[in-house]
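Modelling step: build the complete structure from the supplied sequences, incorporating the hints.
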Amino acid sequence: MTEPSAARDAYPHEERAHDGRDDAPAHDRPARRRPEPRGPWEKLAGTVRCPVCGDSLEVAERALRCPDRHTFDIARQGYVSLLSGAKRAANADNASMVLARTAFLEAGHYAPLTGALARITASLGLPAQDGGGMVLDAGAGTGHYLAAVLEALPGAVGLALDASTYALRRAARAHPRAGAASWDVWRPFPVRDGCADVVLNVFAPRNGAEFRRVLKSHGALLVVTPTERHLRELRGALGLLEVDPDKEERLERTLSGHFERERAEVLEYPLALSSADVANLAAMGPAARHVEQEELRARAAALGTRVQATASFGISVYRPVRTAG
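Just so we're aligned, residue 18 is where the sequence shown starts under the working numbering, counting upward by one.
Where hints are given, some of them may not hold.
Claimed, not checked - Cβ-Cβ distance ranges computed for the label pairs, FRET-style:
id, residue 1, residue 2, range
1, E266, R93, 41 to 49 Å
2, A318, R209, 44 to 52 Å
3, R79, Y286, 39 to 47 Å
4, A128, S73, 21 to 29 Å
5, E59, G321, 49 to 57 Å
6, E59, E168, 14 to 22 Å
7, N108, E285, 26 to 34 Å
In short, the hints are calculated from the structure, not lab data.
C-beta: ideal position from N, C-alpha, C; glycine also.
Below, the structure written as structure tokens:
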């Protein structure tokens, strides 16, 4: 499996090779230094703040740095290590989970969901649709859904936050206007107040207070959760986790006081899956943390070469609660 192809001109500020002659003797000319790639961080640095002292960050060679010189490296894969030195979250996706998720998503099985997110974003009437703006994806994984939302907001930049460095390597290349940074979304986000036009939360933990803090007053929170019907045909055979019947109530409780739900819709459609698709579906989710890969593949193979299942998602749009004064 190959990495998703990086968009061309991902680093527009990189200097072109000099193809003219320099009249100065070679020994008198200063050594040429190739500028470090900056990509979307040229714009995103204005929204991200130092997780140590809270001050602003600027691009400095291949890193982000605050005035107190707290420095956070931009990895060669393009993501920023804001959790440098911190222990990786126990529930962060490992390399095999990310490979499985990438294969499943690239096969197009959730394409209707990405299309719905782009459609809904385009209907929000946000100023960012006219250029500029920022989308924050909390628990972004590989950045698959962030890329779809950015397509609906020409000129906006996106920031993918996730605890998995394996996922972030892909998120940093998901879209030419997307940057990615390692972070635990249960902690206060390393971005300034009111910087985001859209907060995206797809199958990820929800930090309602932080969503509200970072969202602009005119912004929108998009939340995607599985319904009780999602993959119901496969749960028992694969050992997938059951969808909590109280999920909707917990969602409202988490966001209560910070957001009001503006609208909601259910997206449901049939899936036709090969044995390899089923194996990837099982291996990309929480079940992979409790069941060996070989066992998951064996369970998938036992279902046959063509499997029918149901994809069912709840998509909700929330607006920030207006504060008095």
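Quick rundown of the hints versus the structure:
1. E266 - R93: 41 to 49 Å: holds (44 Å)
2. A318 - R209: 44 to 52 Å: holds (50 Å)
3. R79 - Y286: 39 to 47 Å: holds (43 Å)
4. A128 - S73: 21 to 29 Å: Cβ of A128 to Cβ of S73: about 38 Å, so the range 21 to 29 Å is violated.
5. E59 - G321: 49 to 57 Å: holds (51 Å)
6. E59 - E168: 14 to 22 Å: About 20 Å separates the Cβ atoms of E59 and E168, which means 14 to 22 Å holds.
7. N108 - E285: 26 to 34 Å: Given a distance of about 27 Å, which is inside 26 to 34 Å, the answer is holds.
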